[in-house]
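Asks: Given these sequences and hints, build the entire structure.
Residue numbers (the numbering used here), protein chains in the order written: chain R, 1 to 277; chain F, 1001 to 1656; chain Y, 2001 to 2149.
For the record, the hints were derived by calculation from the structure and aren't laboratory data. You may find that some hints are simply not true.
Claimed, not checked - Lysine-lysine pairs mimicking BS3-like chemistry, simulated, CA-CA at most 27 Å apart:
{"hint": "1", "chain 1": "F", "residue 1": "Lys1348", "chain 2": "F", "residue 2": "Lys1268"}
{"hint": "2", "chain 1": "F", "residue 1": "Lys1647", "chain 2": "Y", "residue 2": "Lys2137"}
{"hint": "3", "chain 1": "R", "residue 1": "Lys169", "chain 2": "Y", "residue 2": "Lys2129"}
{"hint": "4", "chain 1": "Y", "residue 1": "Lys2137", "chain 2": "R", "residue 2": "Lys166"}
{"hint": "5", "chain 1": "F", "residue 1": "Lys1602", "chain 2": "R", "residue 2": "Lys72"}
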Amino acid sequence: MSIQEQYRKKAAELLSSGEVKLVIGYGSGSTPDRRRALFARTADDAALFHVDAACDANLSGYLVNEGLLSDKKKIGIFLKPEGIRSVNILAAESQLDPDQIVILGFTEENGTVSGLQGTQASDFTSLMTALKENRTTSEKEQALVDKIEAMTPQERFAFWQAEFEKCIKCYACRQVCPMCYCKRCIVDNNQPQWVHTSSHTLGNFEWNLVRAFHLSGRCVECGGCDRACPVNIPLRLINRRMANEVLDAFDHFSGMNQNQEPVLASFKKDDPETFIL
Amino acid sequence: MAKIGVFICHCGENIGAKIDCTRLTSAMNDHPGVSVSVEYKYFCSDPGQENVKKAIREHNLTGVVVAACSPRMHEATFRKACAEAGLNPYLCEIANIREQCSWVHTDQDMATEKAIEITRSLIEKVKLNNELQPIEVPVTKRALVIGGGIAGIQAALDIANAGQEVVLVEREPSLGGHMAQLSETFPTLDCSQCIMTPRMVEAAQHPKIRLLTYSEIEQVEGFIGNFKVRIRQKSRYVDMKACTGCGDCIQKCPQKKISDEFDCALGKRPAIYTPFAQAVPNIPVIDKEHCTFFKNGKCKVCQKVCETNAINFEMQDEFLDLEIGAIVVATGFQIQNTAMYGEYGYGKYADVITGLQFERLASASGPTAGKILRPSDGKEPQTIVFIQCAGSRDPSKGVKYCSKICCMYTAKHAMLYAHKVHGGKAHVFYMDIRAAGKGYDEFTRRAIEEDEAAYMRGRVSKVWLENGKLMVRGVDTLLGKPVEIAADMVVLATAITPQPDAREFAKVVGIGCDEYGFYNEAHLKLRPVETATAGIFLAGACQSPKDIPDSVSQASACASKVIGLFSRDQLEREPVIAINNESTCSGCWGCALACPYNAIEKKDILSRSGELIKQVAFINPGLCQGCGTCVTFCRSNSIDLAGFTEKQIFAEVMGL
Amino acid sequence: MSKPFEPKIVAFVCTYCTYAGADLAGTSRLKYPPNIRMVRLPCTGRISPMFILKALQKGADGVLVSGCHPGDCHFTHGNYHARRRWTVFRALLNFTGIPLERIRFSWISAAEGVKFAELISSLTEDIRKLGPFEQYKAMIHETEAPVSL
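Replies: This is the structure:
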């Protein structure tokens, strides 16, 4: 049985047994190579699920929809490892109860999809450790990082200025991000207006910096922002750079488990401080 | 519409000579929202303050900026003046143009330019200042002292003698703590029990002290002046009211072979017992774990012999909920288990004992009635080796810190030994002799010079048994030679460590621990008896290793803090506190984790029908100290800090 | 001869240590260049990265953030939290091309008046050498919209 068939069957069982009230997964999208979120409430719906290399979205963001989990019933969800990390962070930040989440885990490598053992976020601890130990970056992305790191500050500034100039402040990056669950985003606070709302470069720069800061130690690098950005700003690149920073400086790999302390709300007395005069 | 008054002080020549105050004044007069801008020689003087007050009334000012010296000097002065003129004192800001401008810059033009910018930015800030009221918190005038050792007793007595109510809680069956176990005390060699027991009795009989022995703290909630504390009174199985303390039950108890904790396992006790003869209260408890009745369901000898029917095997733990205004934590210490030094043979050889065990041997009320006798065969040891720092100052095996009291008690032990066993030889291995304190160095010198203790600077590497002798191999680093001593007894100066449950208990009370589990003071130098949690104070060795004089001093310091707190009916605090916008809060609790004061609680937001909609952060104004760490953490900008609001800082920066 | 470039430097400091240290520099009559503007806050824990961005928006050529030494925080550990934020935000600024020479962090205690004066002097000199932060200023000019409150 293909992995897709197995998971369709699993989802159907979860629904028909009444263990979960809903399964969030991937259905067909607007073109054959695209997938969009599918919400199955009956065992029949489960036959529409796809599990293949095109399933790239991190669906965990749907879990924090207001009221979805308040009836204490369980929800099944298709998640890749980064999605499981998101669930851990959302649990650590009290946005959901991980016991309510039944995970249908899968992973994709070079176009091949394989299933993951476990159903609870806590079942994947060894996977998280392995991810932390073997952080990977695509060659293309690494090449760009190397290029940027090699620039002078002036060149880097110019590079990002050119990128941020394109931003139209559509906030698609925010909408797609599972970590952007704030009831009010700082950019929507106009008392005071910390971030310019007009899409001038200055405001765009501020917005993207603030978002990257708020995601530091929380981003799981699912790439949702990259895919959502209509003007192709390499947003994940910044977030990945920050993820490396918190890993190097504080040994913090986001979403390791559901009890992880937020990196910016905790500290160690001997945190590194080489730059402070 | 803002009506700001700007008052530019010359501070005599201090500001006037360097800054063009007239230019500054006129520049401020032209600034939007400024109703009046005036200069004066000394605004802090009485006529100066009168000028400010007059201007407030005349121009109906909505805010005041005084451009003068540091706010650390005269902010209070000018706030008071504003209040006297009917303006909320928190609508006053100080532009520091003396310490941070006229005194440090040489170029008059640039200094004036800077003064203009500083003042302007504070005008922008003050426009957004809110009227604030000092926070008033009622005070429950009842102190809780946790721990009935010398520190707790001292604190309780001092507070009670000032006429305030005290609840003194001790988890053991009797008051006394470690001090009651000691034989004589350094540097005066007076008998510990002789000075301790009168204090215990005084505390127990004090009309203002409610003594709860064999009781533990279950829960602490609330904040300064308004704590709610739940205390568990463990069942003694002896009715405290009926018991006369005759001791018949103790005599008749058939179970007599329980290792005596008070005597550090050197003696035995029955299952119904008082820890020591002078226990306060002198009422026994039944040790449920060892009691024959509780184990086998048969016996009840104690009940049969008790003439007042005080024994009650059905007794249950009871809970007491008390309202408390201030808490003194005096939970003391334990000594480190020295088993990690396998090479010293503690636990393997009966005659390798700890310093505390030596105290019991030397104590007139101890298992040997004060005679120094070997635990193994009851013989008088002719040679004793004392090993200092058996745990302390040893990062690899023991603890990093110095336990502070061991140098002194080892000297004392050597002395007591010399006095009790004539001809006995005491050898002391030490790393350094730390005898700072009144009469302390003289004391150690006496041990060496008069009582002829042989001090050797060096460590011991091994202790082993050979032909009935404890062979001690060490090194005398001053001679640069290895040393071997055939001893009859070895005494280890074990490290003082926090109570085994110190960390968990810190969480119950809501205070912080250091890396070892000793409780954290608010400031090591300037606030050594306060904790970071307002209204909770520290006394004795729960904060760090301490001797008796230090513990007593700290206890009295705690008492003075508590009495000071109780001298008022209401507490008034600066209203610089964080406030959360509940409608935008997502309840991620990062703020609660970041808060150094545990001031952030979860608050349920309910619908009209009582269903839980969400949980949000609630910042307890009684606990918040106003650092603003939570404000910066809050991603949704839901939290703000009164007096330093986001709007104010934004305006201040934009005014630069 | 044209006037030398006078940089604008904004400092965010805690009131208990660095602000008091600056006061001590004053009472000791130490001299340092007048390019610095201080914003006083209760604790470094209160210093938001947004403040730094707003200072740059107001035309600052350099920013200083300073507070109590680790272990000395009046609020026990506001500065430990601040240190983590600075580490992260500084890396972010670096990656996006803000020269780190322009954004400085320091611990200055209430007793370190001399350190404060020396730091301000050297910082001002460094920023003077770097010249105005033209790249950022260009971005500010592009944004015509007035700052709204």
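Asks: All hints are to be evaluated individually against the structure, with a verdict given for each.
Replies: Hints versus structure:
Restraint check: the Cα-Cα separation between lysine 1348 of chain F and lysine 1268 of chain F comes to about 20 Å, which is no more than 27 Å; the hinted pair holds. Taking the CA atoms of lysine 1647 of chain F and lysine 2137 of chain Y, the gap is about 24 Å. The hint holds against a cut of 27 Å. Proximity of lysine 169 of chain R to lysine 2129 of chain Y is assessed by CA-CA distance (about 36 Å); at most 27 Å being required, the pair is judged violated. Taking the CA atoms of lysine 2137 of chain Y and lysine 166 of chain R, the gap is about 19 Å. The hint holds against a cut of 27 Å.
Between lysine 1602 of chain F and lysine 72 of chain R the CA atoms are separated by roughly 19 Å; this keeps the pair inside 27 Å, and the hint holds.
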